[in-house]
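Novice: Sequence:
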Amino acid sequence: MAKRKDVTKAVKPAAAPAPPPSSAPRTPPPRSKPSPLRSFILLIRIASCCFALYVLWKRMHPPKEEAELAEDDKRVRVEEIEVDEVRRQAVLEAFKHSYSAYERDAFGFDDYHPISHHGSNMSPAGPVGYFVIDSLDSLLLTNSTEEYKRARDWVKKLSFDLDDKYHTFEITIRVLGGLLSAYHLSGETDQMLLDKAIDLADRLLPAFDTPSGLPLSFVNLKTRQGIADKDNRGWTSVAEAGTQLEFKYLSHLTGKKIYWQKVEKVMDVIRKQPNKDGLVPIFMRPDTGSFVFSDIRLGSRGDSYYEYLSKQYFQTNRTEPIYLDMHNEAMSGIKKLLLKKSATKGLMYVSELLPRRKAEGTFEMVDTPKQDHLVCFLGATFLLGASNGNTLPLPPDESTLSESQLDDWVAGKGLIRTCVDTYTSSKTGLAPEIVNFYLRAADAKAAGRDWFINSRKLTYPEPPIDARNILRPETAESLFVAYRVTGDPIYRSWGWTIFQAFEKHCKLPAGGYASVRDVDALPVVHEDRMETFWLSETLKYLYLLFSDKDLLPLDRYVFSTEAHPLPVFTPTRFQ
1 MAKRKDVTKA VKPAAAPAPP PSSAPRTPPP RSKPSPLRSF ILLIRIASCC FALYVLWKRM
61 HPPKEEAELA EDDKRVRVEE IEVDEVRRQA VLEAFKHSYS AYERDAFGFD DYHPISHHGS
121 NMSPAGPVGY FVIDSLDSLL LTNSTEEYKR ARDWVKKLSF DLDDKYHTFE ITIRVLGGLL
181 SAYHLSGETD QMLLDKAIDL ADRLLPAFDT PSGLPLSFVN LKTRQGIADK DNRGWTSVAE
241 AGTQLEFKYL SHLTGKKIYW QKVEKVMDVI RKQPNKDGLV PIFMRPDTGS FVFSDIRLGS
301 RGDSYYEYLS KQYFQTNRTE PIYLDMHNEA MSGIKKLLLK KSATKGLMYV SELLPRRKAE
361 GTFEMVDTPK QDHLVCFLGA TFLLGASNGN TLPLPPDEST LSESQLDDWV AGKGLIRTCV
421 DTYTSSKTGL APEIVNFYLR AADAKAAGRD WFINSRKLTY PEPPIDARNI LRPETAESLF
481 VAYRVTGDPI YRSWGWTIFQ AFEKHCKLPA GGYASVRDVD ALPVVHEDRM ETFWLSETLK
541 YLYLLFSDKD LLPLDRYVFS TEAHPLPVFT PTRFQ
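Numbering (the UniProt record's numbering), first residue to last: 1 to 575.
Calculated from the structure, these hints are not laboratory results.
The model shown is predicted, which means the values in this text are computed figures rather than measured ones.
Check the hints yourself; a few may be wrong.
As the list claims (entries may be wrong) - Quick list of in silico lysine-lysine cross-link-like pairs, DSS-like style, CA-CA up to 27 Å: (1) K222 - K256; (2) K341 - K276; (3) K507 - K427; (4) K96 - K157.
To be verified - Label-pair restraints from in silico Cβ distances: (5) R224 - K156: 19 to 25 Å; (6) A521 - P571: 46 to 52 Å; (7) E188 - E398: 37 to 43 Å; (8) E85 - K272: 46 to 52 Å.
Where is the CB? At the ideal position from N, CA and C, for every residue including glycine.
Please take these sequences and the hints and turn them into a complete structure.
Specialist: Now the structure itself:
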């Protein structure tokens, strides 16, 4: 058998090609650098190509005509209006949900308890109109016609001849202010409302019958006698003493000097006392008119005094510059002595000065980084002062502001940002009653926010009393004012965020809204109370925040500390 050939041996590899005559490797010639002229020509060609492509793109995408651009702007504005209208309607529904529950369960009572579905009065003597009258102008603003008619009919039958003591300040801002605002908004033709206001004011006047002219904290509406506050040694708070707007407007309406003279006397007494850069202690002695060595703060018992300084100037159509001077001095003092920044975020806040006894028997004022939610009115106060009562053009040209105005402008916006942070940085998105700011950055970073809630409790196992949210209005007020004076939509955005937190955690399915016991506890635990200022202030300010600027313009109206809008007027008979 023939053997197979070994292919690997049989096939010989092809011979390699012969090398060139010279086998030494050839080195390529060096590349010459392009000349500057050639580089310039190349750049020109590239630029020409880019320009040609741009021209081609422009032909394919012709520019919009001015009419088209205007149409785009109009479409954006329409979309914004539609969004704000949706938000305004949501706030309106919240108002209806609140008031209808009150009307169903507790109509006529001074207080409403939405969980147990009943009402209560401040005195066994009977209702004084706290809830109904405090809500009258809100009913008018929201076009709640039938509800307003029923409320007005109830007010018509109400008597202030009540044999018990009532808080002079609260009755003034809620009931007297509510009657006067409803009288104005209803066209200043409803004589019944004005007559009720006159009757109530006459019953309040005896509270001012003190040696100094400062009002006592309480008054018996039937016997018409002022009553000192025994819980505070008979002293009067400066916030109580500085309540002015309601009585001045009543003098304007009636021509009666007595109302004007009583409150002007109070301001004369305060103005003559020594102060610290425009800042005053929270307590005064009605017998002597002197200040008591006490806290200096813009929270409880101090707030309305500072709020009403500029508002008295604006209310009387800028004819009382003394109040503008007092306002400017006080705002400078706040910026100098109380305005601080937080440890990590640089949040502006307003501290308090507290008296402390020293070892040798003397006293000193100690700064404490505590801020009440009540202080959140101050952002609005700063901005209204800086904008001369919302008379700057929108958007405002900050370069036209004086140095002092600009400082107030920055402080106002900064304080509002801080107040919003006390909402958004809590677990519920609701702000607590009181916050304390960390002084050390390490503590703030460890906590995840720049403030904390004091652990002070009522009784075990109650949550900290500072942790409550009782539906307060001050931040909503400042957001409303800030949007009106700046035109910046961020304030509407923040307001909507806060409103949604109220909706999520405070709304009760059966009707009404309730306070929350601890803003850092989930699920929330409610308190059986819906404050009157939820309807008269918080929801009113949120409703106005999403409404057109022509609804109660700030250059023609001044809002009282209970959010009752009163018109600007020129006094001619009382100065």
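Novice: Hint by hint, note whether the structure agrees.
Specialist: Each hint tested on the structure:
no., hint, verdict
1, K222 - K256, "holds, 22 Å"
2, K341 - K276, "holds, 21 Å"
3, K507 - K427, "holds, 17 Å"
4, K96 - K157, "holds, 24 Å"
5, R224 - K156: 19 to 25 Å, "holds, 22 Å"
6, A521 - P571: 46 to 52 Å, "holds, 51 Å"
7, E188 - E398: 37 to 43 Å, "holds, 38 Å"
8, E85 - K272: 46 to 52 Å, "holds, 51 Å"
The structure shown violates none of the earlier numbered hints.
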